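Trainee: Given the coordinates of chain H, work out where chain C with the ligand should sit on it, guided by the hints.
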Amino acid sequence: MSSSYEPVIGLEIHVQLRTRTKMFCGCELSFGDPPNVHCCPVCLGLPGALPVVNAAAVDFAVRIGLALGSEIAPRSLFHRKNYFYPDSPKAYQISQYDVPICSGGCLGDVRIHRVHLEEDAAKLVHIGSSGRIHGSDRSVVDFNRCGTPLVEIVTEPDLRSPEQAHEFLTVLRTTLRQLEVSDVNMEEGSLRCDANVSIRPVGSARLGTKTELKNMNSFRFLQRGIRAEIVRQQELVAAGEPVVQETLHFDPVSERLTSLRSKEEAHDYRYFPEPDLVPLLVTPEMRAAAAERVPELPTDRARRFEAELGLRPGTARDLAFRRELSDYFERAVAADAGATPVEVANWIPQLVERIGSAADPAQSRVGPEALATLAALVAAKRVSRDAGREVLTTLVAEGGDPQAIVEREGLGTLSDDDGDGLAALVDSALAADPDAAAKVAQGNMKAIGPLVGYVMRESKGRADGGEVTRLIRERLAEQV
Amino acid sequence: MTELTELGAAAAARAIHAREIDAGELFEAYRERAGADELNAFTWVAEGPPPPTDPAAPLAGVPLAVKDLFCTEGIPSQAGSRILEGYRPPYTATVVENLTGAGVTLLGKTNQDEFAMGSSNENSAFGPVLNPWDRGRVPGGSSGGSAAAVAAGLAPWAIGTDTGGSIRQPASLCGVVGVKPTYGACSRWGMIAFASSLDQAGPLARDVTDAALLLSHMVGHDRRDSTSVALPEPITLPTAEDLTGIRLGVPEELLAGGDDGAGIEPGVRESFEATLALAEGLGATIDTCRLPHAPHALSAYYLIAPAEASANLARYDGVRYGLRVGGEEDLATMYTRTRGEGFGAEVKRRIMLGTYALSSGYYDAYYGQALKVRTKIADDFRAAFARFDFIATPTSPWTAFELGSKADDPLAMYLNDFCTVPMPLAGIPALSIPSGCSDGLPVGFQLAGPAFSENPLLQAAHALERAIGFDGSQVRA
Ligand SMILES: [Zn+2]
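Residue numbers (the numbering used here), protein chains in the order written: chain H, 1 to 480; chain C, 1001 to 1477.
Only chain C is shown next, with the shape it has when bound in the complex:
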């Protein structure tokens, strides 16, 4: 790894401003690395130097990897799906526009599970992404390309989206930092939708400071997204070195790991407990807390998200853009063939699940019931945050698993999200930081806070990160 690409993003931005390094050279260095990507992390890499940016812009000249599902004008944006083959959007997502406005340069688009549906990045029309810690293992998903690219030093940082854990879980499995902000903090305009009431963009970065810096330029109310909100205060760069006075709640229900025998891997539990001990050492108080409805989060999630997805993905019909198979016969045949060949198995499964959950006669029992559970989960968190500043859990019950090992067992795959799904259902922010390794594979530690608690969350994560001292440089070599 060259010296240039060993610089963190925030450090690179500082060095560019101080004219210690040249933005063009930095971009070229990353472009070369991304171009030689052996992890299948990228679906598209910039063909040449980026358009010039304002040297005074805060992130001037720092390259960025962008998850495929963010629309980028004139640049392939397929959300990892065959059904959007050849699709080049006529407009750019707000979050990407905000970031290029702040000076970042678009390095490439990253691989992902098709329409963000998956926890292993095996459900991509572009093929699976490999975990840089062990190429026989998955990087997590759905933002697997972004996480792998950041972990492997193919990009200084990246953006992804999180619906049920799609930023935090791959961040955990790849040993990087991932933040899922409060729902509405980042505009969804231009994000190819999976589940609209859950989808949220966020940063993946080598450390908490970089993540905070990137996030600070992503957020903001956007009049093109009615569900977006202005944060009460700007995101600031964290400086905290201790956790004095911080009360951490550890939810028993999530630590039990579910009643499906999923359990939390011993190595993950060990790392989690060690991190709690570190937190205590930094001044935090730790106690168990109750989130009584959290064990039902997964069930509610797998009704709500597919229901919304079944409608969001109905537009891919071969009429206006992307793949069209047939069209010479009647309309229904064109729809059937286009969608039959354009969507992968997992996407089809979720469309069917969602369609069923919304069907007349089943709505109340499934979708309606799931909405009630969702409200209960939000209430649980509200009650917990009356006693605790943050909730702490392992991000994923497991470290990176072997490619193909869970591909035929969707339920086992869904259990990946056991600890990450409750937060998006409640709309609250959460982040994952690497807390160490188990058998040579990174483990993620998750912190969740009340809505709009991004700054305190980042502060706490920063203090923990310093104490943990995780070193991921070996996989960037």
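Just chain H, same shape as in the assembly:
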């Protein structure tokens, strides 16, 4: 692999909007219903049927545009995108072309090129051994999905790694969930992602020939597909062969990329303005109504966590990009139990580790106040970090009050004034390892490790490491 080349990645994301009805007719959206029960003359493309724009879908698109900081076009146009395929009953898709509803904007560091409204296609089911159109006995069409409102979100080619693409999608998904415009579920197909991938010499401003990876149906496959394509292109370039502009399909089982030769091929869609619809107007009132439904979004929240709560950028993003974590975190901070926000934040990954990375902490037995109290106890050194972790494990299992658990389990910190507690343990540590003690006494601080370890072990983690170090040095100083 040549490290002198860098990947350039742009994403095209299709998001099904969670409106009650379809984009251009009154049929209800559905998932998992028997085939062809949600259709009408419009979404079946019957002769004489006409589309009517779903106002809710427009509202959702404006919401998305506002959230991404896009420019909202007061007047945008629908076009017909012509292609023959049985999943397209009119043989054209109503989409937006040169005047989309939203232009520009960004999400995090990634610039958004445009966001436009369109309709989803029907679902083809190929009956027969192959499961694909080639080699199937016959194909049937389910029109339930046909006409579902979609937004297509197109990024600028600002992504530089598969991991960054994955992170972008994660924050986009959180954003869209918070906007309440979509289920954004990749497995159910409510979020679909294509990636444009090219490579170029590091430092070059010119874009290389790009390939398009189609319809990767999970975040993981997307990341793996992009990685595989980068490797493929780097190998081509290394071998002195050109990258050919084409559309590729990533097979997650074989990890292989295959060229698609079907309707996805370079195509003249003969776009022209949809004469059955009038221009789409977004009035200031519509804009204001949509703005009211735009809550604080992950990237803004991360910025606030950094600026106002002093969190490190990584921590801020980790929390803010998952709404349930950031909500929980903010409630814990609001409990004002005596720990700083940074101290509270440090306990969230511990909690997530114990309840499972997909779980919502609000649904666990650990209330945000309890976590805040625990953080405060540790911060005040009344419970050691290790003992605190034990308390958290108990909290996750049983719930309850951290203070009470500390008292019940005797997990409070041992301190020097704790009678024969900590001081006695330090003394026995020095006695048990006189070599180490001597080295430390001579100023070799590296040797202090085993002594501290002894005390921690003997105290079953109740001792505070910093305090133990201080005491050891104090005792040895006394001995000199």
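Treat the hints with caution; some may be incorrect.
A few chain C residues that face chain H, going by a derived Cβ cut-off under 10 Å, partial list only [as the list claims (entries may be wrong)]: (1) E1028; (2) C1071; (3) G1190; (4) L1198; (5) G1220; (6) D1222; (7) A1307; (8) R1315; (9) V1319; (10) R1320; (11) A1357; (12) S1359; (13) F1452.
To be clear, the hints were calculated from the coordinates, so they are not data collected in a lab.
Predicted, not measured: the structure shown is a model, and the values here were computed from it.
Note that CB positions come from ideal geometry on N, CA and C, so glycine has one too.
Mentor: Below, chain C with the ligand without anything else, positioned relative to chain H:
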């Protein structure tokens, strides 16, 4: 012709309300005539008495002939095409629903050029319609069946659609009244589309009053058609007997008849000039006016309409309804065979024209350019209407021509629409009334007005109609 069917539609409606005639008998009388149709004007005729209508409804019990391309629930609606063989829509067009809601009864579906593409009604999967004035001649198109049925008294009135002249031109060739309303006045919901930005439904009737009455129950905003609009005022029945203060503009560009040697037939010109003289006598002032871009209307039309049609007709693929040829082989073969056998030659020609005009690399030169011309034409009309109330032209440059005489020359056929195409491009209303005969064949006189000028247009046409005194009763016998 029985006395019953000699009644005009408005008169019949009045007589039914006054219980002077029986709606059932009236329907039966027309059903018999339509059933015995020798003009091939109908593609379907009601098999029995219609469902009962509310006797208080304004048009209660007046039978109506409906162009095939209007979807009628459970009743064949093929738009004159083989590709919709056996298609019975699950829903009814708004315009038809409005009219049945007003009490009309559905007498039959009328023949037309396939997907409304044609000016002679020779492009129909059901075969050509014959002109009742001379059965060796065409009735015009595309609403040829509707025009012939009304002219021959097979129906008291009918509805058609006009994209580039498809109501006005057959009305002219058959000696009846035809109105193309302002774009959006009638909902297009349920009208099988030819060119969406131009298609507009309208009435064909024996006289202006009937046309106004029918139109008054067709129009209205429909939330199922985003391009439909509410008229600023309801359509009223015209009563005008003179044209005092009316300024008529006669566009030199259209009177020249085009530079393709099409020219306006002397007989048509004569009738047109005689009508202008009558108008002057009724108090109108007449002057020439300029529509500088009108001569380019035909070219723009034959890019825009086919472009839209190429997309509108792409859905006929054999997958869901209508004709399917093959299907055992691969998909592309099924598409090709279905469309190859389902569409007629003219439809294929226009699909190819339209596809070409929209192709990448050609879009700007063809479709894009045509849209610019369209805007210029609308501007021309706006400028003209600052000086004139209406524009007057002959409806068609010719009277009805012989069957087959232009069938092999599409360009000559397209010139039929020379005077009717500019108005739909500008979205403005226009109508055609019979202005007399030339060599025993009717001639049409066209009036066009600014958007939403239907009422004043109908008033002017009414006054002219009274002065002209055209009698079409001979072909209804
Ligand atoms: Zn539907």
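Trainee: Tell me the numbers of any earlier hints that the structure contravenes, in ascending order.
Mentor: Of the numbered hints, 1, 5, 13 do not hold.
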